[in-house]
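Next come the chains, spelled out residue by residue.
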Amino acid sequence: MAQHLDTLKEIASSFSAAYVKTPTKLKILDAFSVCALATAVLQFVYAKLVGTFPFNAFLAGFFCCVGTFVLTLSLRMKVAEHGGKPTAAKEFGGYALAMLTLFIAAVNYIG
Amino acid sequence: MARLAAALAAAMLLAGVALAAEQQKVLVLLDSPSLESSHSAFLAGLRSRGYALEVRPIDDKSLQLKSWDEWLYDKLVILGSSKALGGAIDAAQVVQFVDEGRDVLLAVDSDVSEELRSLAQDLGVDIDSRGNAVIDHFGYDSHVGAQDHAAVLADNFVKSAAVLPKALSTPVLFRGIGLSVAAESETAFLALAGSPTAYCGKPGAAMTDAKLAGPELGLVALVQMRNNARVAVAGSLHMFSDAAFQAEATARNDRVLGRASNEAFCTAISKWAFQEQGVLRASQLSHRVLAGAHPGAVKPERYRVNDDVEFSVVIQECADGGCKPYTAEDVQVELVMLDPYIRTSLKHDGQGRFATQVKVPDVYGVFKWVLEYRRLGYSFIELTETVPIRPFKHNEYERFIVQAYPYYASCASMMAGFLAVGAFFLYTKA
Numbered sequence: 001m002a003q004h005l006d007t008l009k010e011i012a013s014s015f016s017a018a019y020v021k022t023p024t025k026l027k028i029l030d031a032f033s034v035c036a037l038a039t040a041v042l043q044f045v046y047a048k049l050v051g052t053f054p055f056n057a058f059l060a061g062f063f064c065c066v067g068t069f070v071l072t073l074s075l076r077m078k079v080a081e082h083g084g085k086p087t088a089a090k091e092f093g094g095y096a097l098a099m100l101t102l103f104i105a106a107v108n109y110i111g
Numbered sequence: 112m113a114r115l116a117a118a119l120a121a122a123m124l125l126a127g128v129a130l131a132a133e134q135q136k137v138l139v140l141l142d143s144p145s146l147e148s149s150h151s152a153f154l155a156g157l158r159s160r161g162y163a164l165e166v167r168p169i170d171d172k173s174l175q176l177k178s179w180d181e182w183l184y185d186k187l188v189i190l191g192s193s194k195a196l197g198g199a200i201d202a203a204q205v206v207q208f209v210d211e212g213r214d215v216l217l218a219v220d221s222d223v224s225e226e227l228r229s230l231a232q233d234l235g236v237d238i239d240s241r242g243n244a245v246i247d248h249f250g251y252d253s254h255v256g257a258q259d260h261a262a263v264l265a266d267n268f269v270k271s272a273a274v275l276p277k278a279l280s281t282p283v284l285f286r287g288i289g290l291s292v293a294a295e296s297e298t299a300f301l302a303l304a305g306s307p308t309a310y311c312g313k314p315g316a317a318m319t320d321a322k323l324a325g326p327e328l329g330l331v332a333l334v335q336m337r338n339n340a341r342v343a344v345a346g347s348l349h350m351f352s353d354a355a356f357q358a359e360a361t362a363r364n365d366r367v368l369g370r371a372s373n374e375a376f377c378t379a380i381s382k383w384a385f386q387e388q389g390v391l392r393a394s395q396l397s398h399r400v401l402a403g404a405h406p407g408a409v410k411p412e413r414y415r416v417n418d419d420v421e422f423s424v425v426i427q428e429c430a431d432g433g434c435k436p437y438t439a440e441d442v443q444v445e446l447v448m449l450d451p452y453i454r455t456s457l458k459h460d461g462q463g464r465f466a467t468q469v470k471v472p473d474v475y476g477v478f479k480w481v482l483e484y485r486r487l488g489y490s491f492i493e494l495t496e497t498v499p500i501r502p503f504k505h506n507e508y509e510r511f512i513v514q515a516y517p518y519y520a521s522c523a524s525m526m527a528g529f530l531a532v533g534a535f536f537l538y539t540k541a
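Protein sequences, first through last, are from chains B and R. By this note's numbering, the letter at position 27 of the first sequence is numbered 27, and the numbering carries on one by one without gaps. By this note's numbering, the letter at position 258 of the second sequence is numbered 369, and the numbering carries on one by one without gaps.
Be careful, since some hints might not be right.
As the list claims (entries may be wrong) - Derived lysine to aspartate or glutamate pairs resembling EDC-like cross-links, with alpha carbons at most 20 Å apart:
#1 K540/R / E81/B
#2 K382/R / E165/R
#3 K194/R / D233/R
#4 K313/R / E327/R
#5 K136/R / E181/R
#6 K540/R / D30/B
#7 K194/R / E225/R
#8 K136/R / D171/R
#9 K540/R / E10/B
No lab work stands behind these hints, which were simulated from the structure alone. None of the values given here were measured: they were computed from a predicted structure.
If we strip away everything but chain B, and leave its shape as in the complex, we get (with noise of 0.2 Å):
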């Protein structure tokens, strides 16, 4: 049991020490997807508590959460491939088209 702690603690020391490497972006936007997943399972168990009466509006907020999560996600990719770069300002673009259309269909269902 003790062999497996210890195992579990050498890899979260090896992965933060690595993750310090990670150029802040990318940290940034790691940041946000995690913000975003939390939310949705936030929205999902509250939706279990109290009752799915306004539908339309927990279909909204939970696809916009996890709308975002991919799309952060897919962006981080993205950034990755240019290693950190300037250049990676230009992958920006997209990404902000995809998540306004995002919002907006998210603003007309929500009610």
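Given the structure of chain B, go ahead and fit chain R onto it with the hints provided.
Below, chain R alone, put in the same frame as chain B:
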């Protein structure tokens, strides 16, 4: 809407017929001139009820029922026997007369002509074979039927206050031919049926299986047509005669039952046939929204799904020239779009107003209110009123629901997060 207007117009026409001050013209066709004197009490009864009678022989060459597409008479009485219809009148024209909402009283006897038989058949009543008579070896009248047992005492009256408002205490003296109506008939019924021991056959001949016997053997049949025209078919001329009106009913073994009910019965069925009894009149059909898109709207163009609405109609029962509020617990209304989505009973307030409150279904489409009321002895009521049901408009849905605040917040936080991340992403050098 047009159908409703037509139905109301028809209902008012029927009521108007009963109330009209001007005399209604009745054509009386007699098989032989002697019937005018032998049936004088019945004819006088019709005259005293305000009808203008025109008495003609049935085979008169100059008979006319309509002239240039206009009916010359409101009612038709045929006291017929072996002679066929004469002049311009034939069975098809009498059927057309009924089809256009006019009433016919047809009485025949055992000697019935083929044309009158087929006329009765067209109107929904089958008359037994020519020459047969109603025979009852137990329930015969011992004054006039002792010989052949073919003058019977019948007291199997229809149980309908619309036809016979007052119960008859003595039987009807009947000498004539038997009738039958199809068991599945929606329009025809027997006003007077045979006793359990009565049958229809040849007098004096032995018979082992009678086609018509017992309660299925009709003596007098009434027909309430779908257009509310009425027809009475009696298998006996004799029952309308002065002699029968005066007769003492005398059962087997000379047991005296008292004056036969012929006069009361014949008056009742002629009143029924001529729309003086058992006429229902529906009016003031209305419906309104109690709660919903437009509360209080009377006869709105359309409802919204889930509206609370009230349906109401006034039904009156007209008899003997006057109308009084109808009372019944079994009047139903349906809200129909191909299938009835709602079927509910109407409650009345004792003043003739029948109403019910319902929540319209959560389904949109072209619905209609349908009130169909068919009861034995009463005229039919058929009302329809189309009211489409629409869904919510886009701006009629509830907004800013407290329960949904977390969802709004999540969406807002995603937008704020996007702006913050975007600003950082574009303006940071690292």
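Structure-based check of all given hints:
Distance check on the hinted pair: K540/R and E81/B sit about 17 Å apart at the alpha-carbon level, within 20 Å; holds. With a C-alpha separation of about 18 Å, the suggested pairing of K382/R with E165/R holds against the 20 Å cut-off. At most 20 Å may separate the alpha-carbon atoms for a hinted pair to count; K194/R and D233/R meet this at roughly 18 Å. Note on K313/R and E327/R: the hinted pairing holds, with a Cα-Cα distance of about 18 Å set against a maximum of 20 Å.
Taking the CA atoms of K136/R and E181/R, the gap is near 13 Å; set against the 20 Å cutoff, the hint holds. For a cut-off of 20 Å, the pair hint linking K540/R to D30/B stands: about 18 Å separates their Cα positions. The straight-line distance between the Cα atoms of K194/R and E225/R is roughly 9 Å, inside the 20 Å bound, and the hint therefore holds. Simply put, K136/R and D171/R have alpha-carbon atoms about 18 Å apart, close enough for the 20 Å limit, and the pair holds.
Taking the CA atoms of K540/R and E10/B, the gap is near 32 Å; set against the 20 Å cutoff, the hint is violated.
Hint compliance for this structure: hint 9 is the single one not met.
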